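The listed protein sequences derive, respectively, from chains A and B.
232 is the number that UniProt numbering gives to position 232 of the first sequence; each next residue is one higher, with no gaps.
68 is the number that UniProt numbering gives to position 68 of the second sequence; each next residue is one higher, with no gaps.
In case anyone wonders, no lab produced these hints; they're calculated from the structure.
For clarity, every value in this text was computed on a predicted model and none was experimentally measured.
Some hints here could point you the wrong way.
Claimed, not checked - DSSO-like cross-link-like pairs, simulated, lysine-lysine; straight-line CA separation at most 27 angstroms:
#: 1; chain 1: A; residue 1: K194; chain 2: B; residue 2: K17
#: 2; chain 1: A; residue 1: K94; chain 2: A; residue 2: K2
#: 3; chain 1: B; residue 1: K372; chain 2: B; residue 2: K220
#: 4; chain 1: B; residue 1: K241; chain 2: B; residue 2: K187
#: 5; chain 1: B; residue 1: K372; chain 2: B; residue 2: K304
#: 6; chain 1: B; residue 1: K220; chain 2: B; residue 2: K263
#: 7; chain 1: B; residue 1: K304; chain 2: A; residue 2: K194
#: 8; chain 1: A; residue 1: K37; chain 2: B; residue 2: K17
#: 9; chain 1: B; residue 1: K17; chain 2: A; residue 2: K94
#: 10; chain 1: B; residue 1: K102; chain 2: B; residue 2: K416
#: 11; chain 1: A; residue 1: K94; chain 2: A; residue 2: K215
#: 12; chain 1: A; residue 1: K215; chain 2: B; residue 2: K241
#: 13; chain 1: B; residue 1: K102; chain 2: A; residue 2: K194
#: 14; chain 1: A; residue 1: K130; chain 2: A; residue 2: K2
#: 15; chain 1: B; residue 1: K220; chain 2: B; residue 2: K241
#: 16; chain 1: B; residue 1: K372; chain 2: B; residue 2: K102
In case you want the letters, here they are:
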Amino acid sequence: MKNWIIIGATSAISESVCRIWSVRGYKLFLVGRDEKKLATLRDDYSVRGASDVYTHVMDVNQFEAHEACWNAAAEQMGRIDGIFIAHGTLPDQKACEASFGTTQLEINTNGMSVISLCTIAANEFEKAGKGDIAVISSVAGDRGRQSNYVYGAAKGLVSIYLQGLRNRLFKSGVHVTTIKPGFVDTPMTAEFDKGGPLWASADQVANGIVSAVDKRRNVVYLPWFWWGIMNIIKHIPEMIFKRLSL
Amino acid sequence: MTKPYISWGRYPYREQKGVDLHWRPTSLPSDEVFLPQGNARSYGDSCMLEGGNVLSTRFMRRFIGFDPDTGLIQCEAGVTLADILNVAEPQGWFLPVTPGTKFATVGGALANDVHGKNHHVAGTFGCHVTRFELLRTDGSVRVCSPSENSEWFNATVGGLGITGFITWVEIQLKKVGNSAINAENIKYRNLSEFFELSQASEQDYEYTVAWVDCLASGDKLGRGHFSRGNHARPVQPRPSKPAMALSMPIDPPVSLVNSASLKAFNWLYYNRQIEPVRYQTTHYDPFFYPLDHIHDWNRMYGPKGFLQYQCVIPMEHSHLAITELLHRIGRANYGSFLAVLKVFGEVASPGLISFPRPGTTLALDFPYRGNKTMQLFDQLDEVVVQAGGALYPAKDANMKAEHFRLFYPGANQLAKFKDPNITSSFWKRVMEA
């Protein structure tokens, strides 16, 4: 039985993950912006078997509130075994191109807020000599593409940051898992046509996340075939890549 | 993954616009016509709305409360029957009524008033619904139960989703000492033997159903396997759940169901058991949901999809009418892979236009082969009409409007409860055409 903090608890992927963890009887500390939605999730996880579910209202872009959030979790759960960071937005690329303000906001939401939260978690876990940090990055962070390079840049920042963090924390027994999902059928992608073999359900991705965390995998592509796809995309020479419309 | 929002039979296969609801709505779109949809496990067009939006609850799948002492469970409309089993079964509770797939949602099970192998003792799903909430496009919200807003309750149970949007449902689960099933599989030789077995099993067996070899003819007509069972005793060991084995990962370019594959399948399936009776204690999963083990099995019928034909025939005409139906199917040289027979009991449903009624129900799957299929269905309809039977809307894509009104005299009454902004392709076809 473990005690986890979930940042971005109302996202579809984290909901699927929490359903699995509830069945295992975990204690969950749910963090999100909407109190009512958090309460709905609390009821659900309680029925499914979670031993305790706490809710905490926070906007991830209020960086100054992150410390208090961690402390509240520590106070309510006693011990914190892991933090799962699953929040994110899918920016409107065109709007970002038109305005640096929008770009900055998106990079804050998808990049900086993750780094702020990880800073706190890393220091606390390092002191304790154990802990798990699992973060949803994205395949979009593997290479910048014209269709969504602001999102990609934020996720790339997260991926590289986590790489370093994993390296730093290894000797203290703290583990960092970087999760790179491809196309997932969630509210974030509501505008997309969901046909075709590349689309995965939130449940499929959640199964992959839970197993990656259990096995303390370092970097995991979900579903697995994205590892191959991204390997090809990463290795296309820039000369050619810049001419493509990906 | 397969495309969402398309009905299970994939006929009529039409691209359909859908909006996913993720949280319990407090209001509904008032400026457009739409249809609430669950997991799209209905076969025909009762879960489809051509030219409109479906409002999908496939992500609205949260529990609201469960009391393990009383077995009362409350959940959002998009919770599947599988979700309920996962939560309740380890605590000694079971679905009071379950259809042949556990991937149906509770909202869908309520709106179609589904039935199961225990209809003769338990009635329909709606008989075990204690309350639900109905949201209408005019903004009104009603909690409905057999005693509160009961006219809305009766209209919505089996009401095909057109009376409003069901946001949550409360069900009284059934206490079981053991969820495993002591099953008997009996090989029987013809239709008369089916009826004898059915009658003999009614008293002592909670679950009964038969698979029919619909390619058999002459004095073997209607032969098949009769399966009956009861929940195992508490002291019996529970068999483990078989692992998920198969899936149809792609759409084959043509239907894999054809006369050669059917002949082979039916022969093998009928002869899979040598001894006349086989006793087995089985996990509930393969007993209730054998097809759920092949994910996306509906793809097997290829891009044209398939239709199911399910009717119920009053008891006094059952033998004759089902003989005639099987004859007509045989003459059309049009077999079915899945053919199921079951005798319904007398337990009345609260629903205004519920399908199950005393008599014998026959269900068959047919690959869609254009006019040939529809002509056969028309021929089968004649028999059903003459015998005073009815067709099942949840499975239908061909029923004539005049037949619907004949089978469901409550339809005009139901129309009074219809939400003005909600309709379905089915409803338009049988009530507004």
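These are the hints, each one checked on the structure:
Using a Cα cut-off of 27 angstroms, the hinted pair K194(A) and K17(B) holds, with the two alpha carbons roughly 11 angstroms apart. Of the supplied pair hints, the one linking K94(A) and K2(A) is violated, its CA atoms being roughly 42 angstroms apart against a limit of 27 angstroms. Taking the CA atoms of K372(B) and K220(B), the gap is about 26 angstroms. The hint holds against a cut of 27 angstroms. Pair hint K241(B) plus K187(B) holds up; C-alpha atoms about 25 angstroms apart against a cutoff of 27 angstroms.
For a cut-off of 27 angstroms, the pair hint linking K372(B) to K304(B) stands: about 13 angstroms separates their Cα positions. The hinted pair formed by K220(B) and K263(B) meets the criterion: a straight-line CA distance of about 15 angstroms does not exceed 27 angstroms. As the CA atoms of K304(B) and K194(A) are separated by approximately 20 angstroms, the hinted pair is consistent with the 27 angstroms bound. For the hint pairing K37(A) with K17(B), the CA-to-CA distance comes to about 26 angstroms; that is within 27 angstroms, so the pair holds.
For the proposed pair K17(B) and K94(A), the alpha carbon gap of about 25 angstroms is at most 27 angstroms, so the pair holds. With a C-alpha separation of about 32 angstroms, the suggested pairing of K102(B) with K416(B) is violated against the 27 angstroms cut-off. Proximity of K94(A) to K215(A) is assessed by CA-CA distance (about 39 angstroms); at most 27 angstroms being required, the pair is judged violated. Simply put, K215(A) and K241(B) have alpha-carbon atoms about 24 angstroms apart, close enough for the 27 angstroms limit, and the pair holds.
Between K102(B) and K194(A) the alpha-carbon distance is near 24 angstroms, which keeps this suggested pair within the 27 angstroms criterion. Taking the CA atoms of K130(A) and K2(A), the gap is about 13 angstroms. The hint holds against a cut of 27 angstroms. In summary, the hint linking K220(B) to K241(B) is not supported, as the alpha carbons are separated by about 35 angstroms, beyond the 27 angstroms threshold. Proximity of K372(B) to K102(B) is assessed by CA-CA distance (about 32 angstroms); at most 27 angstroms being required, the pair is judged violated.
Comparing the model with each earlier hint shows violations of hints 2, 10, 11, 15, 16; every other hint is respected.
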